[in-house]
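For the record, the sequence lines run as chains A and B. Just so it is clear: in the first sequence, position 188 is 188 by the numbering used here, and no numbers are missing. Basically the numbering used here = 1-based index in the second sequence + 1000.
The hints are simulated quantities; they were obtained by calculation from the structure and are not laboratory data.
The list that follows gives simulated cross-link-like pairs (lysine to aspartate or glutamate, EDC-like), each with its CA atoms no further than 16 angstroms apart:
| id | chain 1 | residue 1 | chain 2 | residue 2 |
| --- | --- | --- | --- | --- |
| 1 | A | Lys210 | A | Asp224 |
| 2 | B | Lys1009 | B | Asp1050 |
| 3 | B | Lys1029 | B | Asp1058 |
| 4 | B | Lys1221 | A | Asp148 |
| 5 | B | Lys1261 | A | Asp128 |
| 6 | B | Lys1002 | B | Asp1058 |
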Amino acid sequence: MRALIANGVRIDDTFAEAFGMRATALVVTADSAAWARQAAATMTGFATSVIGCGCEAAIDREIGEKQTPDRRPGVRVLLFAVSTSELQKQLAARVGQCVLTSPGSACYAGLEGEESLKLGNALRYFGDGWQISKRFGGKHYWRVPVLDGEFLCEATTGLTKQAVGGGNLLIMGESARSTLVAAEAAVKAIARVPDAITPFPGGIARSGSKVGSKYKSVKASTNDAYCPTLKGAVKSALDANVASVLEIVIDGLTPQAVADAMAAGLAAIVKLGPRRGAVRVGAGNYGGKLGPHHFHLKDLLP
Amino acid sequence: MKPLVLTLKERPAERLDLSPLLPHLLAGKSAAEIARIGVQTTRKPLVVGDVFRVRMGDAGRIHIEGGCDGLDWVGHGMTAGEIVIEGDVGSQAGRLMAGGRLTITGNAGPWAASGMRGGEIEIRGAAGDRLGGPLPGDMAGMRGGVVIVRGDAGERIGDRLRRGTIVVEGRAGAWAGSRMIAGTIVVRGSAGPLPGYLMRRGTIVLGSAATLSPTFIDCGKQDLVALRLLATFVARTSTRTSKVLRRSLRRFAGDMAVLGKGEMFLAG
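Model the full structure from these sequences, guided by the hints.
Written out as structure tokens, the structure is:
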């Protein structure tokens, strides 16, 4: 593998291999920014990977009270799944259990799409006949009476089939601490990129996986080539000086959003340099045959 | 391109039917063809050229100058484009309108916006009785679109309203929103007795206290997100009226004499 050095950080000549996904977006508002964040954090909890959670979801960005439909503080949430039906199922379950239940919350479409998913149209039955439909300004809302007043929810939200999941960066450092510093800097930079999320805890995955396993029933297992403790035992991808690896997984509403997010993360890691952060950055792929989207690291360097 | 201008020569002796003068019906017609369109309401033929001076322009924008209360069915069944009337209109202006924009700078007679389905009507003066209401034989009144009245409105506005929004900057007469099926009425001023009489569903907001039927039940003061959204929507056409929606409002549920799923918000 040829390598490129940027500010002392080795950039592997490789690419992240990503897949097409179905995605939607929501705007969740509440009386305070803290409660809007709370509702969004609850509905995007346990949504790190489609393999075990049904969907991947996270907060895209916070929205000031001047920009939300009801002029209250809000948060934009993105949800990704492998099929429209699974996305619909996850959306209704998560909004129903986590946003409807959150004090003072309201929920709006966060995406305009040619196709739509049921939002309020799926949740209105909670009103037990007392739900109120309101149409004005080209929008359709449902008002559901709840204990603190009303839960207001837009009837539908948009669906995109152009979404991409699985953009990634493998961040390698000489110590666990410096690797984490580099990964945190990258997540912070990616957070500023619109239409892209990092669904793992704090944006970082420490258990990067490969497809398959020696066990028949296990679909994904630890990426042994990048485990520092397995150097020597397996065909390792790591150099002698790499002591820790962290992965950032990126989902975006468009391929461009994923490319922008990977570029932003890469720029932050390169800027930090090898002494304080990572010594090497790679990316995960399956040889390029499975995923239609290839994001080459050398094209994304600043 | 300049609008097509029709100027009334003098007040006509009979009532006129202006329903043929719609942007989509006049598109592609010459001045001579337009002048030959019949607008009579009696057995005696009367054409546009007899009562109007025609100045050609873009038929998508029709200006009628010298409006009076004898001009009926202005914008009847309009689907797109714009009609502006300088002055008053007679009855049923904008009836069954489905799209476009109708502006009346003076007063409108009864049944303006009757059975309207979409688009926007602005009445800068006062509106007559049964604004948006159904004619005998109609199952429902207005079922979409927006009506804004800058002045006062008559009795029974939004009668059997099904969908859409009526905004009145002035006062409304008695029985505002009578027999409402759903939809929204916002009145910045006061309303006459018994607003929401026999309403089934829908929302009425009044800028001051009113004499309610005892079949409306007080739900207390509410600060609902839905009213914030409505305020933002109403502010597009009437900033003054949107201020009512941002005040603390008391919610009444009714009319319990019928279905009782309607609501009335009163300021103060």
